[in-house]
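Could you put the whole structure together from the sequences, leaning on the hints where they help?
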Amino acid sequence: MSTAIVTGQPVPGSSLESDLRALGFEVRPAADASDAAALLATVPGDRRVAVVDARFVGHPHALRLGLTDPRFPLAAIPGAVTAQPAARQALTRALAREAATGGGTVLAVDGLVTALDADVHRPELGSLVAAVPADPQTRNEARQAVAAVDDEAVRLKSAVKSRDGFFTTFFISPYSRYIARWCARRGLTPNQVTTASLLTALIAASCAATGTRAGFVAAGVLLIASFVLDCTDGQLARYSLQYSTLGAWLDATFDRAKEYAYYAGLALGAARGGDDVWALALGAMILQTCRHVVDFSFNEANHDATANTSPTAALSDRLDSVGWTVWVRRMIVLPIGERWALIAVLTAATTPRITFYVLLAGCALAATYTTAGRVLRSLTRKARRTDRAAKALADLADCGPVAALVTRVLPRRSLLPAFVWALAGTALLLLTAWFDGPGLPVVLAAGVYALISGEAVRRPLKGALDWLVPPLFRAAEYGTVLVLAAKSGVNGVLPAAFGLVAAVAYHHYDTVYRIRGGAGAPPAWLVRAIGGQEGRTLLVAALAAALTAAQFEVALTVLAVAVAGLVLVESIRFWVSAGAPAVHDEGEPA
Numbered sequence: 000m001s002t003a004i005v006t007g008q009p010v011p012g013s014s015l016e017s018d019l020r021a022l023g024f025e026v027r028p029a030a031d032a033s034d035a036a037a038l039l040a041t042v043p044g045d046r047r048v049a050v051v052d053a054r055f056v057g058h059p060h061a062l063r064l065g066l067t068d069p070r071f072p073l074a075a076i077p078g079a080v081t082a083q084p085a086a087r088q089a090l091t092r093a094l095a096r097e098a099a100t101g102g103g104t105v106l107a108v109d110g111l112v113t114a115l116d117a118d119v120h121r122p123e124l125g126s127l128v129a130a131v132p133a134d135p136q137t138r139n140e141a142r143q144a145v146a147a148v149d150d151e152a153v154r155l156k157s158a159v160k161s162r163d164g165f166f167t168t169f170f171i172s173p174y175s176r177y178i179a180r181w182c183a184r185r186g187l188t189p190n191q192v193t194t195a196s197l198l199t200a201l202i203a204a205s206c207a208a209t210g211t212r213a214g215f216v217a218a219g220v221l222l223i224a225s226f227v228l229d230c231t232d233g234q235l236a237r238y239s240l241q242y243s244t245l246g247a248w249l250d251a252t253f254d255r256a257k258e259y260a261y262y263a264g265l266a267l268g269a270a271r272g273g274d275d276v277w278a279l280a281l282g283a284m285i286l287q288t289c290r291h292v293v294d295f296s297f298n299e300a301n302h303d304a305t306a307n308t309s310p311t312a313a314l315s316d317r318l319d320s321v322g323w324t325v326w327v328r329r330m331i332v333l334p335i336g337e338r339w340a341l342i343a344v345l346t347a348a349t350t351p352r353i354t355f356y357v358l359l360a361g362c363a364l365a366a367t368y369t370t371a372g373r374v375l376r377s378l379t380r381k382a383r384r385t386d387r388a389a390k391a392l393a394d395l396a397d398c399g400p401v402a403a404l405v406t407r408v409l410p411r412r413s414l415l416p417a418f419v420w421a422l423a424g425t426a427l428l429l430l431t432a433w434f435d436g437p438g439l440p441v442v443l444a445a446g447v448y449a450l451i452s453g454e455a456v457r458r459p460l461k462g463a464l465d466w467l468v469p470p471l472f473r474a475a476e477y478g479t480v481l482v483l484a485a486k487s488g489v490n491g492v493l494p495a496a497f498g499l500v501a502a503v504a505y506h507h508y509d510t511v512y513r514i515r516g517g518a519g520a521p522p523a524w525l526v527r528a529i530g531g532q533e534g535r536t537l538l539v540a541a542l543a544a545a546l547t548a549a550q551f552e553v554a555l556t557v558l559a560v561a562v563a564g565l566v567l568v569e570s571i572r573f574w575v576s577a578g579a580p581a582v583h584d585e586g587e588p589a
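Under numbering that gives the first Met the number 0, the residues of the sequence shown are numbered 0 to 589, in order.
Among these hints, one or two may not hold up.
Derived Cβ-Cβ restraints for the label pairs, each shown as a range [claimed, not checked]: (1) D109 with G23: 19 to 25 Å; (2) P9 with F169: 42 to 48 Å; (3) Y177 with L404: 54 to 60 Å; (4) A21 with Y177: 17 to 23 Å; (5) R383 with A548: 47 to 53 Å.
Quick caveat, the hints were computed from the structure, so don't treat them as lab data.
Backbone N, C-alpha and C define an ideal beta-carbon position, used for all residues, glycine too.
Laid out in structure tokens, this is it:
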């Protein structure tokens with residue numbers, strides 16, 4: 000229960016109190032500032048409290064946006080302000096000052112907001128009305144403005160992301176928003192819808208694993224259904240303003256879990272038909288994960304950079320003003336909607352091998368397009384990157400004890416930029432693994448790569464292209480596992496490698512979403528416990544060289560289980576704890 004203190008004399012014909020009760024507020028009237036301060040002192044400390052001007056005229060959804068969003072400690076719209084328990088002291092101090100200076104006068108809520116000595120979130124209201132009319136004429140005009148705008152239509156529209164992919168915008172959102180409203184009216188939560196989306200995708204993967212044409216058709220249909228639910232959970236969260244720490248974790252991780260589980264289902268289905276496509280499935284997961292790391296690293300490196308201008312970025316903005324180019328550019332990058340639609344249609348109509356071939360080609364084109372554009376932007380912009388950006392890139396690099404030892408031993412000077420070291424180490428390692436396979440040469444190459452990793456991150460990653468370091472490290476680690484598993488010659492090694500890369504990728508996604516939420520990277524002990532990216536790469540190379548193919552399969556399986564157990568336990572502990580950020584992930588950028 001939340002409490003709303005309504006200040007001033009009630010206005011005849013006003014629906015304010017009923018609107019507040021519909022939003023879950025207990026309404027308490029206050030005659031003046033002193034009365035409001037006294038009432039505030041009686042409200043339990045664990046409750047959200049709002050102070051609302053009795054003269055308020057506006058849409059119920061304006062009140063909802065201003066007073067019920069759980070992501071902001073303090074929020075306000077004209078005529079109303081709210082504070083969660085964490086921000087109660089700031090509201091109490093401001094109200095006490097207003098009571099001391101105003102005496103027995105009617106409290107001006109907008110003046111109270113101005114007096115707050117803390118950051119106040121002010122939501123964008125768009126066409127919604129929120130006003131405090133001073134006389135009957137302006138009140139009548141405000142009421143007419145309220146009647147002229149359909150509150151529910153605005154609420155439904157705002158439930159849909161303003162920027163999304165072509166497929167999602169034109170083939171999913173036109174009806175998924177109504178599914179979201181249906182869920183809200185029946186008391187369903189975004190977390191429940193997210194879980195339903197995961198279960199639907201897992202059933203789709205199971206259908207694909209049957210290896211039959213009927214199973215493939217059912218898998219394609221269910222994958223689209225899972226994506227509809229995936230859109231619905233975010234729209235439900237925005238429609239009903241239900242944001243939570245658990246929801247952030249579920250939404251941030253389940254998309255990847257669904258897609259990669261579906262890849263595994265396709266590989267199992269192909270195996271039932273006598274076709275081994277595990278290498279293609281693992282390659283698709285690696286390519287998609289590296290694409291995401293490119294997105295994350297570039298954004299973290301540049302979102303708070305100063306003098307962050309570029310002729311390339313200016314050209315991109317001009318292209319966005321031409322309607323058809325916007326959709327073409329969004330489709331080229333193959334966002335999740337287009338990608339899942341492509342996978343679903345190809346699964347139903349073709350074979351798993353063809354599905355993976357087309358998926359790999361499409362993702363490779365998208366990765367080339369986005370990475371080339373970002374490299375060009377980085378080379379042409381004059382940006383000074385902050386310490387925070389350098390720290391985020393270092394965390395995304397995921398280097399462990401070996402690299403840390405190198406950074407302590409070697410001098411601080413370096414002749415080459417960090418991304419050049421990372422590129423050289425990655426090329427050396429992957430080429431050695433490709434041409435020599437499991438053996439002493441790849442172990443030596445992995446050892447050199449570990450040293451180079453320490454060299455790459457021993458200085459702050461503030462160079463123009465240093466955001467390439469984390470994706471290059473991902474390519475080196477995941478690619479080495481793929482190549483060595485493929486060259487082992489035993490069928491079971493590639494599925495074990497798939498499991499290991501999936502476990503490590505989960506850790507990397509978890510790191511990304513913690514940084515996005517402002518909570519920092521996972522604890523250092525976890526990175527040390529799972530070896531860091533260079534330590535795991537060296538270990539896999541040594542295992543491949545020292546063991547038989549059958550033993551290598553067992554070793555990869557054990558390593559996958561160990562890594563998955565550690566990262567999942569720590570991740571779950573973090574995301575369900577009170578300290579996790581209360582956000583709802585908006586999905587990968589379109």
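Hint by hint, here is what the structure shows:
In this structure the supplied range 19 to 25 Å holds for D109 paired with G23, their Cβ-Cβ distance being about 24 Å. Restraint check, P9 to F169: a C-beta distance of roughly 47 Å satisfies the suggested window 42 to 48 Å. As the Cβ distance of Y177 to L404 is approximately 57 Å, the hint placing it in 54 to 60 Å holds. For the pair A21 and Y177, the beta carbons lie near 21 Å from each other, so the given range of 17 to 23 Å is met.
For the pair R383 and A548, the supplied restraint of 47 to 53 Å holds, since their beta-carbon distance comes to about 51 Å.
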